[in-house]
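Each protein sequence line maps, in turn, to chains A and B.
Its first residue numbered 40, the first sequence is counted upward by one per residue in my numbering.
Its first residue numbered 40, the second sequence is counted upward by one per residue in my numbering.
Misleading hints may appear alongside valid ones.
Each pair may be met inside one copy or between any two copies, as identical chains are not told apart.
Pairs of lysine-lysine residues, derived as DSSO-like cross-links and limited to a Cα-Cα distance of at most 30 Å, are as follows [unchecked claim]:
# : residue 1 : residue 2
1 : K164      : K564
2 : K184      : K298
3 : K497      : K319
4 : K249      : K164
Since the hints were derived computationally from the structure, they do not count as laboratory data.
There are 2 protein chains.
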Amino acid sequence: MLRTHTTGSLRADHIGQTVTLTGWVDRRRDHGGVAFIDLRDASGIAQVVIRDEEVAHPLRSEFVLRVTGEVSRRPEGNANPNLPTGDIEVIATDVEVLNESAPLPFQVSTGLGDSETVGEDVRFKHRYLDLRRPSAASALRLRSKVYKAVRDELDKREFVEVETPTLTRSTPEGARDFVVPARLHPGSWYALPQSPQLFKQLLMVGGVEKYYQMARCYRDEDFRADRQPEFTQLDIEMSFVDQEDVIEMMESLVVAMWKTIDVDVQTPLPRITYADAMAKYGSDKPDLRFGLELVEATDYFSETTFRVFQAEYVGSVRMPGGASQPRKQLDAWQDWAKQRGARGLAYVLFNEDGTLGGPVAKNLSEKEQAGLAELTGAEPGDCVFFAAGSAKDSRALLGAARVEIGRRQGLLDPDTFAFTWVVDAPMFEPAADAVASGDVAVGAGAWTAVHHAFTGPKPEFEDTFDTDPGSALAYAYDIVCNGTELGGGSIRIHREDVQKRVFEVMGISDEVADEQFGFLLDAFKFGAPPHGGIALGMDRVLQHLTKTESIREVIAFPKTGNGFDPLTSAPAPITDAQRAEAGVDFVAEDAEA
Amino acid sequence: MLRTHTTGSLRADHIGQTVTLTGWVDRRRDHGGVAFIDLRDASGIAQVVIRDEEVAHPLRSEFVLRVTGEVSRRPEGNANPNLPTGDIEVIATDVEVLNESAPLPFQVSTGLGDSETVGEDVRFKHRYLDLRRPSAASALRLRSKVYKAVRDELDKREFVEVETPTLTRSTPEGARDFVVPARLHPGSWYALPQSPQLFKQLLMVGGVEKYYQMARCYRDEDFRADRQPEFTQLDIEMSFVDQEDVIEMMESLVVAMWKTIDVDVQTPLPRITYADAMAKYGSDKPDLRFGLELVEATDYFSETTFRVFQAEYVGSVRMPGGASQPRKQLDAWQDWAKQRGARGLAYVLFNEDGTLGGPVAKNLSEKEQAGLAELTGAEPGDCVFFAAGSAKDSRALLGAARVEIGRRQGLLDPDTFAFTWVVDAPMFEPAADAVASGDVAVGAGAWTAVHHAFTGPKPEFEDTFDTDPGSALAYAYDIVCNGTELGGGSIRIHREDVQKRVFEVMGISDEVADEQFGFLLDAFKFGAPPHGGIALGMDRVLQHLTKTESIREVIAFPKTGNGFDPLTSAPAPITDAQRAEAGVDFVAEDAEA
């Protein structure tokens, strides 16, 4: 090693020893012709004292030094109790410049803390500098620690880590595949996996029984701030299990992961059915850090003369203290609702004097007005928002309003982790609904799978899921934290006949099934065991553990605008020679077309 | 869980307990109306006794069962001491068929051992069955165990596991890239990484100091039996280190990995210089399980009248007992040599009676004949092969002959692990040589890098490597086991000026360097620390640990003929719709063109 000690490890015990340190000039102060340099390595900072002005002269921020000197006690009154090495300093006898640094595009000094003013673009273009800053460095190190916690727990449980292929075959899973032309097979291509789903099921058929992998997965989707074209999922599959086994196992991992940030997660985690989640929170990933449940008012208004409330569904959500919102703010809610495709957001103000305000109130009967506070739980000073129409759309609107209320009222405490399992989701949804919400409907049928085509029905629906697809519940479970879906899984289909019936419901013909999933159906012929599993989005998990809003912050080298890597500027234009070599031509038209 | 116990865990202690087991019918014997079933799960086998003929009737090989029954001692004389569960059997009271199995394409029963007669094609097409066989299953489990051993050791040493991107930018590293069209950037593409080389160097610039990753890497190369288009490399990089630190660290990993198969590797491992390896073994990856070093005879024949030996280099390798080879076999050696591009393989037979045989001997002077045994170390009964010509080609031929001799004489003991470091390789080789040996010469210069363009010169060549590229040695080290290169690494260049001088030697213009590596050169401007690392081919490691000849055996889902996955038949033909969606056209010409 070029050093004898790390900078952060020096203590009063080392006083009198000659040490050699390496690291970066974090900060430099000059005083009476003496240079005081905070020398930084991954372990921390030590103060280096350079008395030779000529030696000290050229040293600037982020120069890389190798310093030899004696560890001394800092002079009386100069100790720094905030620094683990604050009792000592190193009196340099030899200083070697291992590398220089040009003036920095932004400050990286630990001493100054993270500067919030540096833009993402500049930081990611110089990610190698950004990573020297405490927040970025600690996110990276935390990820490693979390992976280790997960692996230790899975190892204790005798899971086998298996790598599955990434140059594979496309299997429809709801998003667009990245494709890789197969040069040796002109006109053919590999797909990068959206998940190792089928391979892990094959491992179960192969008798592996307990599989895991930190799997790189890919989705060629349009860009969003919380999405990366490649991402990592903790992928798990187990044989001879039911839902309880998978849930118990995953809860042990949640406990282990959150322990890395000194949070004790209490298990078992709460559970909520999909139906309840939709009714109470208007979402299949409810944020349970706060209450403000939706209140259904369909029956209450069953005989109303107010045309707007003569609907399949009427519901409400309460905004505590919302009655005092200025008119402008109430108008802004209307715009907010319109942006989400609604016609507006009805509201009633419960004034402090007991009167009702807002345009809706005067349309209600006296009786309807009188019982409204009790129905909605409104206190004087509250505002209550209403939505009416289809249950699905109205609940979605109220659910979004609820989270927006939570955000505006500071209820989304980043230090609280409210987990829940969402269970008993429908097995199928109308294909038209899936398409309307931006998903890809797999198959040509009227129904498509809510989770995916390999999810089993709950045992009680095994006989009827194909005759009454709209009623069947899936044997599936999603894990949600603070309104984000961290992951999800299911007990899978392990019988060929059941799998074929599911394909039929989804309008996947035998021919298509054979072509796309023939290898799985074949495998099911030879003693496939009952099995199930789960996948957890590790980038999302890290986002929660580091309490950061942007997923980019927890990724070593993130991509930004539409998949660009700001550091390397990937993707790069292809040259004619490269094109010929790869056996590929790119369509020249605009991608938007 | 669907079971209370695993089958392999049952012992005499369990006698009297009622247990529920799940697993596969490994084997079935019938005796006196009673069915004896070997029930197998991942933990092992237990004997299940089914007295009800009607229940037992349909059960066939690889049916999946759930069996409840009482654990009993096997009747006197029926215990099986070869089976951990051999003292007991389970008297079934309830048998549930969880899944059936069609007749098998090949036998998977553990009890029968691995049948060597099943062809690779069939096994890999039904890999899910193959994985149930003991050898395949144990290879998979061993990999997981090895990964854990590596991670534990690296964790102890405070390495940080970091994931680097796989949708990235092409950087020339000697092989062809797999390309991924970037739909959102028509005409542009990502490359799948051949290694995370540049990203790990950027992590060092970013202050990570100790990085590792089990990195999936890709090379679009033509097919060979010991090569897969995607492979896993243990990728490591460290800051503030020199060669000794990386070697010491890697040796600790080798010890940990080989301990998983109960082999104690003694460290420090031997080292040999590249020059010595070429001179003594005619290879930069010498197989040190046996001796038979090459003997140079250039000086010895400096005044010879035999035209063939009037050459830049003459050398020999001894084949113990080879004098008794029949003429046909000696002719076959000529064919063997011609297949390798040589004109033949000269030989001298040292007959038991002290005479010399073979066509070469009579061309030698009496004096030359007289000293030949002493020079080459030949004993009566040996054959000595000679090669003459350029040192490079002759040594390569003799080195290959040496390994072939070892193979024919059973000296390649699979239970011996002969490691060595090969150090002090040349930094550059003539570009024409690289091309001649099938590599890609990066850059347009007369010289190309033997390792890669980011490898530093040994310190003593830092000033001269560009004025005298042919003499400069690289600060690089390869680790070799039994004639296979398991991995290699180097101390990297960390200064922009040095990196630019290397590019210049390789004929990489400033413009090209900026375009392809600008982000690395930029990073070097801002205080890049000295750093170095290594990469280890984990598939190769597993091949050695499992003592298997084919790399496919250690991969969960291997590819065969030119990158085809026999299970899923990937790659698949692309449809017009998929083509349009991906924004890509495939060149229709034959790939061979």
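Now for the hints, and whether the structure bears them out:
1. K164 - K564: between (52 Å within a copy, 14 Å between copies)
2. K184 - K298: both (10 Å within a copy, 25 Å between copies)
3. K497 - K319: within (23 Å within a copy, 68 Å between copies)
4. K249 - K164: This pair counts as between: shortest inter-copy Cα distance 22 Å, intra-copy 41 Å.
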